[in-house]
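Enquirer: As you go down the protein sequences, you meet chains A and B in turn. Numbering follows the working numbering, with no gaps: position 314 of the first sequence is 314. Numbering follows the working numbering, with no gaps: position 78 of the second sequence is 78.
Derived by calculation from the structure, the hints in this document are not laboratory data. Some hints could be false.
[As the list claims (entries may be wrong)] Label-pair distances were calculated between CB atoms; the ranges are:
| hint | chain 1 | residue 1 | chain 2 | residue 2 | range |
| --- | --- | --- | --- | --- | --- |
| 1 | B | 209 | A | 454 | 18 to 28 angstroms |
| 2 | A | 25 | B | 32 | 30 to 40 angstroms |
| 3 | A | 263 | B | 3 | 32 to 42 angstroms |
This structure is a prediction, so every number in the text was calculated from the model and none was measured. The beta carbon of each residue, even a glycine, is placed where N, CA and C say it ideally should be.
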Amino acid sequence: MIPPDDRGLLVAAAITVAAPLVGSAVTAVGLTRGRPRAFAVAMAFVSLLASLAITMLWSQTDGAPRLFGDRLGGGRLVCIDGITAVLLPYVALVEMAILLVAPRRALEPSAVARLLFGAAATFALFLTSHPLLLVALWCATALPTWISVRSTPGGYAAARVFAIAMSTAVLCMAIGTVFLIIDPPWAAAAGWVGSAGGWLVAIAVMFRKGIFPFHSWYPALFSGATMSTALAATMPQVASYTAVRLLIGHVDHPEGVAAELVVLSQLALVTATYGAALAIVQRDLRSLIGTLAMSQSALVLAGLAGTLPMELNGAFCVWISSGLALTGIGLVSWTLESRAGPIRLDTPQGRFWDAPALAAFFLLFGLAGIGLPGTLSFVADDLIVSGSLDEQLHAGLLVILATVLSGIAMMRGWFHVFGGPVDSEGMQHAILPRERLALTILLAVLFLLGLWPDPLVRALDRATGRLLGVSAAATDRDVHDLQDLPQGR
Amino acid sequence: MTNHDIVSLLVTCQLAAPAATVALVGVPALLGRPPSERATSRIVGAGFAIGFIAGLLTLATLVARGFVPEIVHLGSWFSVGHHEASVELVADALSVPYVCFSTGLCGLVNAFARKYLHREPGFTRFFLLLAVFGTGMNLMVLAGSIDVLFAGWELLGISSTLLIGFFLERGNAVRAAMRAFATYRVCDVGLLAAAVMVHRAVGSGDFDRLFGENWPNGTCLVPAATATIVSLLLVFAAMGKSAQVPFSGWLPQAMEGPTPSSAIFYGALSIHAGAYVLLRCEALLDQSPLARLLLIAIGLGTALHANVVGRVQTDLKSMLAYASMTQSGLIFAEIGFGWRVIPLVHVISHAILRSLQILRSSSALHDRHALEAALGGHPGADRWALGRLLPEGLQARIYRIALDRGFEEMVVGRLFIVPVLWLLECAAELERRWLVFLGGDAGPGGGRP
């Protein structure tokens, strides 16, 4: 029986998933009357509103996770907690921005249907902690991406690399999850099966997140796929969410982290630094965005594997800030590419006077991604650096190095795209109102959360406290619900 | 309304006025409707004027009360566990005179640039960046916590980079901007790490938990070991922003930016940001003889290097850049000697003189040409009187070293930049080959139309 207070949450969750799913079906059967963008944006907007409703409703609760459906392997069919309430609107905003900015030629009905289906699967993934459902949704999110990349001209190689990485990831995830269900490693009498399950899930997360040495698909996807496909596949960071649900959930932090998480965090730190360093010498804009996305995504995982609330809080802030900033940069680049063709970084391209508005947006998103004071990334960097240094000196130093290098790479990218001799016969590339609207909304969110971060940070503090099992006010209900959580605390 | 309320209001005005102009000019520009030239310069100028007047009133209030500092707590920005970032400003004998001086100078440069950059395509961009710089400067100067100081510091670095690369169509400007940004970014590590250290040591970034008593007679409230580490990190951060050897190569190149921004950044305010931070944390330096010795060595080394190299420069802006560097080095040494008021006076007087010289540089060249025409020849170059006392062979050798800018560029390039870039290029090439192996054909994106 669902408590009356939770019905609103459940309805909002259903609408969040159903809107893009219905949109996908309607678009696929050709009922959008030649206006797939308007319809898709409307569906994405409904999802955004519903996810914001979840956030609002959640803020009025006592903070205990809301779990619905049968219990299996420590998870539930529907799981709404502080993490979901914070991340769901972020994913919805990214999806809507992609649909608003996408050039017309990228919005054929089949492409829109795939994007909406992928969005629905992503929303569903963020609303569950059920291990088998997570596996199914990994497939459901990866498949449309693979089909899209494969159908992109020149995307065959990227599709192949993506297929190799994703099939390995899904296979490891499926076997690992089954092992975890059979022999939960957090149970008192856990054996080697559960341990193997943990390692397989960790390997799956590494593949899906592009952690070194399984990172190659990340820049390849940005180089070979359309920007919408690459952004929709990488920005939500479904593997990070899975790590939160399956790996972080059963680690007994007060006694020390599990070996899987230690390895994951160290490799993630290496990837974050390596990706940022590699970004400095990239020769084209898409590769730059791909390597930076890889670095930031790894930084999130490095923080999530930490044991301090501040580190986890910083990781979630990096998740949102870098996601919004990189989405903005990706969309600006796509807009510029659709008008002026592929953009090289070998030499300064001199695009500033062709597209001053796009230059301004690129710069602001770039700065918002590298810690400009007044944006969320400044807060995120502060938290993750402080948290990492508090925990381990070398981790903190690597995080600092990664942020320094990504900053240099980002500014090099901006100066090489927009600086340089002007082509006097070049065309002016005006920005369209819908593009400006989407980019302005993304920027506004980054600045708003940067200038007034306290509500977000407090919400995350509550959520991470529960993840780490250090909830301040453990009421009877809290205790009951904590026992229901995957970590079994 | 109490005295504290009045000072709080005035200090908030000093910060809010230039910050508001960033929004007033920046938001319409971003929405595709930038204000006119006149409106832009007036809005930004008004922001500086309000900040300046508020600064003078605060100064008058402080003087009347014998320079007793006022801590202005604007609230908590965010907090997680024991880590709290509070927005705390301080009005004391160091910050208020400095903010009056910096805001006044920004206002003057604003007035100068209105005509100097008339009909320049990047007119709005320049004034917007000037407003960002003014906001960052005031934030850094008025900071009562290391978090706020770091935020201001970052804004200075970003606005400086973008103004060096203002003439985006010039390859040299783009390269110079990247060079400056990379130097800033590397050295910012020092301030970031210092901020984390301070949080770990006292549980917050507030200066009043680091120092006791009032500036310039502050006392350190943390153990000597912590003070030494934080001081060394701060010295490292200051070296980048204040162009001290071996991080000085960016400064002569930075003169690629428009003259008004060169004047205020590299003649006046930005170049002294490092010195200001060191003066603010003077109590920490008192606890750290090692940091003070390092400061003296770096400062005197930079002064000597810049003085010698500056003498053989053939363009006026490079000469002025090296002259700035020389004085900046001397100020570092003065701080290292433990003086407080002398470096502050030196900073302000040097900043006024140098910014005037840089602003005058364009017309000074014109005057020089007029003088040469009137004399019918070269008026004769100034010789280095002390240099003539040296043996001829040594003179020639020093001249050669000076022409190569003390080999600083070469050493930094060969020891750090070239090997690192080579390694990264190798890694990128390996990545490309691996992708070709995995993906077949030309690799991902290879067949992209």
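Enquirer: Confirm or reject each hint.
Expert: Against the structure, the hints come out as follows:
1. For residue 209/B paired with residue 454/A, a C-beta distance near 21 angstroms keeps the hint of 18 to 28 angstroms intact.
2. With their beta carbons about 38 angstroms apart, residue 25/A and residue 32/B fall inside the hinted range of 30 to 40 angstroms.
3. Between residue 263/A and residue 3/B the Cβ separation comes to about 59 angstroms, which falls outside the hinted range of 32 to 42 angstroms.
This entry does not satisfy hint 3, going by the numbered hints stated previously; all others are met.
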